[in-house]
Structures are given as structure tokens and as C-alpha cells.
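*Asks:* One-letter residues, chain by chain:
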Amino acid sequence: MSEVQRRKYSQEEKTAIFDGEFMPHIDSMYNFAFRLTFDEDDAKDLVQDTYMKAFRFINSFEQGTNAKAWLFRILKNSFINEYRKKSKQPAKVDYQEVETFYNSDDVDYQSTTDLRAESVKDMLGDEISNALNALAVDFRTVIILADLEGFTYEEMAKILDIPIGTVRSRLHRARNLLKEKLKGYAQTMGYNTDEEEE
Amino acid sequence: MEDKELSSGERKLECSDVSRCFQLLESILDGEMGEESKDLLQEKLAKCQPCFEHYHLEQAIREVLKTKCTKQPCPEKLADSIRQMIHDSK
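Chains H and A supply the protein sequences, listed in that same order. Counting in UniProt numbering, the first sequence runs from 1 upward without gaps. Counting in UniProt numbering, the second sequence runs from 1 upward without gaps.
Everything labelled a hint here was simulated from the structure, so no lab data went into it. There's no promise every hint is true.
Taking lysine-lysine and the DSS-like style, the derived pairs with C-alpha atoms no more than 25 Å apart in a straight line are [said to hold, decoys possible]:
1) 158/H with 66/A
2) 44/A with 121/H
3) 38/A with 44/H
4) 121/H with 158/H
5) 181/H with 68/H
6) 76/H with 12/A
7) 8/H with 121/H
8) 121/H with 38/A
9) 68/H with 12/A
10) 71/A with 68/H
11) 77/A with 121/H
12) 71/A with 181/H
13) 14/H with 121/H
14) 44/H with 181/H
15) 76/H with 66/A
16) 44/H with 121/H
17) 181/H with 44/A
18) 121/H with 76/H
19) 53/H with 77/A
20) 38/A with 8/H
21) 38/A with 66/A
22) 44/H with 12/A
23) 68/H with 53/H
24) 47/A with 44/H
25) 77/A with 14/H
26) 38/A with 76/H
27) 38/A with 71/A
28) 44/H with 44/A
29) 158/H with 76/H
30) 44/A with 76/H
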């Protein structure tokens, strides 16, 4: 993950790494980009930029290490530095505000909703997707990384440049917010919630 | 609760340390705890109703996110155009 230039690859080695280790992640990269930008063209540009940067800085990638996490980190930084600024849709929640509010690592782990596991299991993909997309970008990001892409806390800490404790608490908070959204769906759809328990 | 494993009558209805328990349960679900945490997990779920419910809800959330969340299909030509850009930049 470090930016230190470790070696100089030959052209053949560069191509081999690029095709063998970087390109296989393009579907995950595009999906992440789309969930950040909500726009097909922006997502394409973001993925293209990321791969161009990855190639330009390929000497700082150590062959055989976690290429997916390395690429995700570049994509996330490109998004923050470039796309977020020009994004048509202004960020709903101010990053700093979110941080001060929720980043104390001792999160309150109370049971926050009366949503039931059974109702969640009955929901459709679109409902889940919409609930996820409705979250502020920093919360959405940790859920995408953890649940859709299967990154570990440690990998997420490196991708996002935040401490592991912060990963854990932000993820917890993000899932609680998601549960609130899902609970809203559950009620409109007439799924069972605890409120109607005998 | 119509639970498969144990009837709720055998579990305590109040958790004495929700904060620590829930954090532990979530870490286990996220795959952050080792194998040895499995025994501890079974013990907790068997004894404590709030832990049991929280675990199953959190598990369901992760499961639907992983399996049902629609993936945006990557445009077919994207990979080709990236390869072309790399080729042109050499």
C-alpha cells in the first residue's frame, strides 16, 4: 500500500501485472464507482482514470500483494479529489460533521430498531439497493467495501486511510442507518415488525 | 419469536452488557474473530435473547447485501477502451 517505489518493472512485467492482477477487478471497480457517482458516464471515467493512474504508478505496486485493495484505494482517492467536487449532486452530509459525530470509537451499541431478520430476508434486491444508495457516501462506502466486496477491517483501514477502530464504528453506524431505511420499507410493504407483536 | 434453535423461554431477556456483546457479535459476523470465538458465540446465543435477536438481524442484513444487492453491470467496452488507452500511452 505504501507509495514507495519498490522496483522497476519491465514493459512485459507491467503488462502482465496489469492484465493479470488489475483487470480482473474491473467489475467490482465499476460497481463501486457507480455506487459512488450514480452516473454511468462518471463511473466509466472514474474507473478509466483509476486504471490509468494504476498503470502510471505500477512500480509502487508490489506484485502478488492485494491488487484489489490497492486499486480501490486509488479509486476512492480519485473520487474524493476530483469527482466529488464536480459532482452534480452535492454531498448530503458534510464529511467533517459525520466524523465528529460518529467517529468516537466507543459507539453506543444499543439495539436501535425493532426490524426483524425475517422481514429483511423477504426484501427485494431493489429495496436493499435503494436503501444502501440513500446513505451518505461515507457510510455507503464502508458497507460496499465490507459486505459487497468482502474486504477485512484492516484492508478497509488502508483503503480509507482511517484507523481500524474507526472502520468498526463507522460500519456499525452505517448498518444502523441502513436498518432504519429498511424498517421504513418494511412498514410500507406491510412486512412484520415487532410493533404488531402480540 | 419462532426460533429454530431454542425457545426464548430458556434465554435471559435482558443483556447485561449490550455494548460489548453487540460489538463482539458484529466483529464475529464480519469475520474478524478467530475460530475460538465460535464457542463463545454459541454460548451467548443460547443464553441471551437480545444477543440472539441482534445476531440474526445483523446476519440477515449482511446476507441480503451480499446476495441480493443488484450489481451494476460493467459496460462491455470499458475494459477494451482501458487497454487501448494504456497501449496508446506507452
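*Asks:* Run every hint past the structure and note whether it holds.
*Replies:* Right, here's what the structure says about each hint:
A C-alpha spacing of about 22 Å is found between residue 158/H and residue 66/A, which places the hinted pair at or below 25 Å, so the restraint holds. A hinted pair counts as satisfied when its Cα atoms are at most 25 Å apart, and residue 44/A with residue 121/H qualifies at roughly 23 Å. With a C-alpha separation of about 42 Å, the suggested pair residue 38/A and residue 44/H falls outside the 25 Å cut-off, and the hint is violated. Between the alpha carbons of residue 121/H and residue 158/H the distance comes to roughly 32 Å, so the proposed pair goes past 25 Å and is violated.
A hinted pair counts as satisfied when its Cα atoms are at most 25 Å apart, and residue 181/H with residue 68/H does not qualify at roughly 30 Å. Among the hinted pairs, residue 76/H with residue 12/A is inconsistent with the structure: their alpha-carbon atoms are about 44 Å apart, more than 25 Å. The straight-line distance between the Cα atoms of residue 8/H and residue 121/H is roughly 50 Å, outside the 25 Å bound, and the hint therefore fails. Between the alpha carbons of residue 121/H and residue 38/A the distance comes to roughly 23 Å, so the proposed pair stays at or under 25 Å and holds.
Straight-line distance between C-alpha atoms of residue 68/H and residue 12/A comes to about 44 Å, which puts the hinted pair past the 25 Å bound. For the proposed pair residue 71/A and residue 68/H, the alpha carbon gap of about 17 Å is at most 25 Å, so the pair holds. Pair hint residue 77/A plus residue 121/H does not hold up; C-alpha atoms about 35 Å apart against a cutoff of 25 Å. Annotation: proposed proximity of residue 71/A to residue 181/H holds, straight-line Cα distance about 20 Å (limit 25 Å).
In summary, the hint linking residue 14/H to residue 121/H is not supported, as the alpha carbons are separated by about 45 Å, beyond the 25 Å threshold. Note on residue 44/H and residue 181/H: the hinted pairing is violated, with a Cα-Cα distance of about 29 Å set against a maximum of 25 Å. The suggested pairing of residue 76/H with residue 66/A holds, with an alpha-carbon distance near 21 Å, which does not exceed 25 Å. Restraint check: the Cα-Cα separation between residue 44/H and residue 121/H comes to about 32 Å, which exceeds 25 Å; the hinted pair is violated.
Distance hint between residue 181/H and residue 44/A is unfulfilled; the C-alpha atoms sit about 28 Å from each other, more than 25 Å. A distance of roughly 30 Å separates the Cα atoms of residue 121/H and residue 76/H; the hinted pair therefore is violated under the 25 Å criterion. Distance hint between residue 53/H and residue 77/A is fulfilled; the C-alpha atoms sit about 19 Å from each other, no more than 25 Å. Distance check on the hinted pair: residue 38/A and residue 8/H sit about 45 Å apart at the alpha-carbon level, beyond 25 Å; violated.
Annotation: proposed proximity of residue 38/A to residue 66/A holds, straight-line Cα distance about 22 Å (limit 25 Å). Restraint check: the Cα-Cα separation between residue 44/H and residue 12/A comes to about 52 Å, which exceeds 25 Å; the hinted pair is violated. Taking the CA atoms of residue 68/H and residue 53/H, the gap is about 14 Å. The hint holds against a cut of 25 Å. Our distance criterion of 25 Å between C-alpha atoms is broken by residue 47/A and residue 44/H, whose separation comes to about 50 Å.
Proposed proximity of residue 77/A and residue 14/H is supported: the alpha carbons are some 22 Å apart, at most 25 Å. Distance hint between residue 38/A and residue 76/H is unfulfilled; the C-alpha atoms sit about 34 Å from each other, more than 25 Å. At roughly 31 Å between alpha-carbon atoms, residue 38/A and residue 71/A are farther apart than 25 Å, so this suggested pair is violated. With a C-alpha separation of about 46 Å, the suggested pair residue 44/H and residue 44/A falls outside the 25 Å cut-off, and the hint is violated.
The straight-line distance between the Cα atoms of residue 158/H and residue 76/H is roughly 11 Å, inside the 25 Å bound, and the hint therefore holds. Between residue 44/A and residue 76/H, the direct Cα distance comes to roughly 38 Å. Violation of the 25 Å bound is thereby established for this hinted pair.
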